[in-house]
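Given the sequences, and given the hints that come with them, work out the whole structure.
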Amino acid sequence: MLEIRNLTASVGGNQVLNGINLSIQAGTVHAIMGPNGSGKSTLSNVLAGHPQYIVDGGEVLFDGVDLLAMPPEERARAGIFLCFQHPVEVPGVRMDHFMRAGYNAIHKSHDEEELDPIQFDRILKDKAKIVEIDPLLLKRNVNEGFSGGEKKRNEILQMAMLEPKLSILDEPDSGLDVDSLRIVAEGINQLRSPDKAVLLITHYQRILNYVVPDVVNVLINGRIVRSGGKELAAEIEANGYEGQGEALQPSA
Amino acid sequence: MAQQTATQEQKYVEAWKTSIAGDSPNVPDSIRTLRESAIARFSELGFPTTRRGNEEWKYTDVRGIASAEYGSLVPSPTNRVVTKTLDQHIMGGSVWNRLVFVDGHWLPELSWLPSLPAEVTVISLAKAMSTEPGLVANDLAQHASYQESGFTALNTAFLQDGALIAVPDNVEIEEPIHLIFLSSGNGDGSVSHPRTLVTLGAHAKATVIESYGGPVDGPYLTNAVSEFVVGPGAHLETFHLQQHGKQANHIGSKQVKLANDSSFVAGAFDFGGTLSRNTLSVALEGAGSSCNLYGLYMTNDSQHVDNQVLVDHAAPHTTSRQLYKGVLNGHSRGVFHGSITVRQVAQKTDALQMDKNLLLSDDAEADTKPALWIYADDVKCGHGATCGKLDETAMFYLRSRGLDEASARRMLIHAFANEILDNVGLTPLRVHLEQFVTSSLRFEEQQ
Ligand SMILES: Nc1ncnc2c1ncn2[C@@H]1O[C@H](COP(=O)(O)OP(=O)(O)OP(=O)(O)O)[C@@H](O)[C@H]1O
Ligand SMILES: [Mg+2]
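Going down the list, the sequences are from chains A and B. Start counting the first sequence at 1; every next residue gets the next number (our numbering). Start counting the second sequence at 1; every next residue gets the next number (our numbering).
I should point out that these hints are in silico values taken from the structure, not numbers from a laboratory. Misleading hints may appear alongside valid ones.
[To be verified] Stretch by stretch, here's where chain B covers chain A in the computed footprint (C-beta under 8 Å, at least three residues):
hint, region
1, 70-78
2, 97-106
3, 188-199
[Said to hold, decoys possible] Using 30 Å as the maximum straight-line C-alpha spacing, the simulated DSS-like pairs for lysine-lysine come out as follows:
hint, chain 1, residue 1, chain 2, residue 2
4, B, K389, B, K356
5, B, K369, B, K389
6, B, K17, A, K139
7, A, K151, B, K389
8, A, K196, A, K127
9, B, K348, B, K369
10, B, K58, B, K369
11, A, K151, B, K127
12, B, K17, B, K127
13, B, K127, A, K139
14, A, K125, A, K151
15, A, K165, A, K125
Note that the Cβ used here is the ideal one computed from N, Cα and C, for glycine as well.
See below:
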């Protein structure tokens, strides 16, 4: 589904990604772990098309198509979703209005039916129940004054509404209490299916106990230095990143 | 140079002599005298210039207005009004009270007052001059001084008609009174001087909307003056809707006087015109009086909008709020000058002023000039200004959820404008403004 080949990218004048190679098959969950500042969010922003992140080299194919040539909205319409590490507050725009606009834009691009506010609200309410979000929250401005946990659960809600093919989740578990963690994990698991894939960035093994990954990748200094099964997460949690350094054989 | 300027003013003085000095015998002597001294004062003051070291006009150059060859300096009353032009201003269906003026002259056949209490006077000034001399004499031109402003002097000199609204003590008007001032644009460019006088007695209540417009193309000048006198405990809510055509120039001056415990609200919306300059001057003369002044200006191409908001706290326990926002595209320019004066007697004043601008293009410009003159010591006074582009991270967030760039921009601009629109409680007006904002955003995209 996703092929990343020798991707290099920079932000704010610093080269952050130094040759990423990663291949994600449909139906799988890939975890990425790595120290602070190693480039995890940079990778997710590059994949979603953030204009401040500059691709310097390499290529990314999504279902065989050149992803890097598409503007962000086309990537979203092609089935890519980024769950933001820091969801953005947008004063003056109501959450549910925004969500419906995105939903309709994506459905329209596939010649599918657009929903009026009443139809949309009905579906939204059902899905909000799953992530235990009070529907009143969705009448407020986008992420404005949401608690950290509400922001994360709200990202998962948006993902559930859009049912993307590839979900890129940038630390959906950070700052969550145990109940929220379970809710978020369930939200991710509900979306797992043979034709979808998940790229899950995390610092902790905890969420991986709920969302069991097929592959764990270790990202250090803008390179994937190691890949392995789910047991790799436990090893990192026990020993840290020391010794995971670049001396180790980078995986293809 | 000086001689050329003299000729520019001379055109108006000549037109005044031939058309105004000897007009209808119904005009009372007091008005004749007023107009004579106003034209004399205009000859002395002339049009304002930037070169006289004039801070007030630092950012707004009206040489283009002074030198414009308007073909019709004293348009005669006309019935010819483009229905399409009028339709763009109509709101409130058959419930709102409405007076329509063309080139400053009242048009009775298009006016309609379905929902007024009997005690209330809503009448054209031309008529009021003969039927309500008392109301006219007490307040007309008593608040908007023509001594300091060339444009106000010009308006006063050419005073023939306008709107008079007088609400007696304890009378509350439920439905708004909508004044629509249209320019005909006839005769290679008409010049008109709309005039409004609103007086509210003690504990009275009213809502007044002033709309300004004219033909989409073709030059014309609107030079409006309004006086609002608000009695003790009274509440006056006003709106200013400037929807002029592309080549129009608008000069407007509003003078507000507030008595004890009265409150005043002004919403100002400037969308059209080439150049518009609005002065809103509020005197909080009575203890406990308050005003809430907000505005939205949206400009494109080479449009220029200048808002001068002057608040004078002249009594204790007075409150003022100013919040103006600009959305500037093309190489347009937005000027905001907000001044707060707190006199020595005005203890416990609470004053806030804010101007926020959204620049949609590299060539757009916003100039904000706050001025605070504080002579009392026990006051709360704050001001601020911001100027920025659309938030790139927010743009990315919206686009990452499927919205195309244009829709995301529109959504963010609309959100920016909503902080102002949210003040508008009148549903028909709110809907009207929303449509205007939406269509001007569509228009921007097509450029
Ligand atoms: N806008 C920017 N301008 C300059 N440098 C940036 C910018 N954004 C990120 N960086 C730098 O790029 C590097 C990688 O940042 P990135 O956000 O990708 O790290 P991360 O792996 O997600 O870290 P964390 O675990 O803390 O979220 C950091 O050194 C960071 O300071
Ligand atoms: Mg990060």
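Verification of the supplied hints:
1. 70-78: holds (count 6)
2. 97-106: holds (count 7)
3. 188-199: Violated: only 0 residues of the region 188-199 of chain A have a Cβ under 8 Å from chain B.
4. K389(B) - K356(B): holds (11 Å)
5. K369(B) - K389(B): The given pair, whose Cα atoms are some 19 Å apart, holds under the 30 Å limit.
6. K17(B) - K139(A): violated (62 Å)
7. K151(A) - K389(B): This hinted pair holds, its Cα atoms lying about 25 Å apart.
8. K196(A) - K127(A): Between K196(A) and K127(A) the Cα gap is close to 19 Å, so the pair holds against 30 Å.
9. K348(B) - K369(B): holds (25 Å)
10. K58(B) - K369(B): Holds, at roughly 10 Å.
11. K151(A) - K127(B): violated (63 Å)
12. K17(B) - K127(B): holds (22 Å)
13. K127(B) - K139(A): violated (52 Å)
14. K125(A) - K151(A): holds (17 Å)
15. K165(A) - K125(A): It holds: about 22 Å lies between the C-alpha atoms, which stays within 30 Å.
Violated hints, listed in ascending order, are 3, 6, 11, 13; each of the other numbered hints is respected by the structure.
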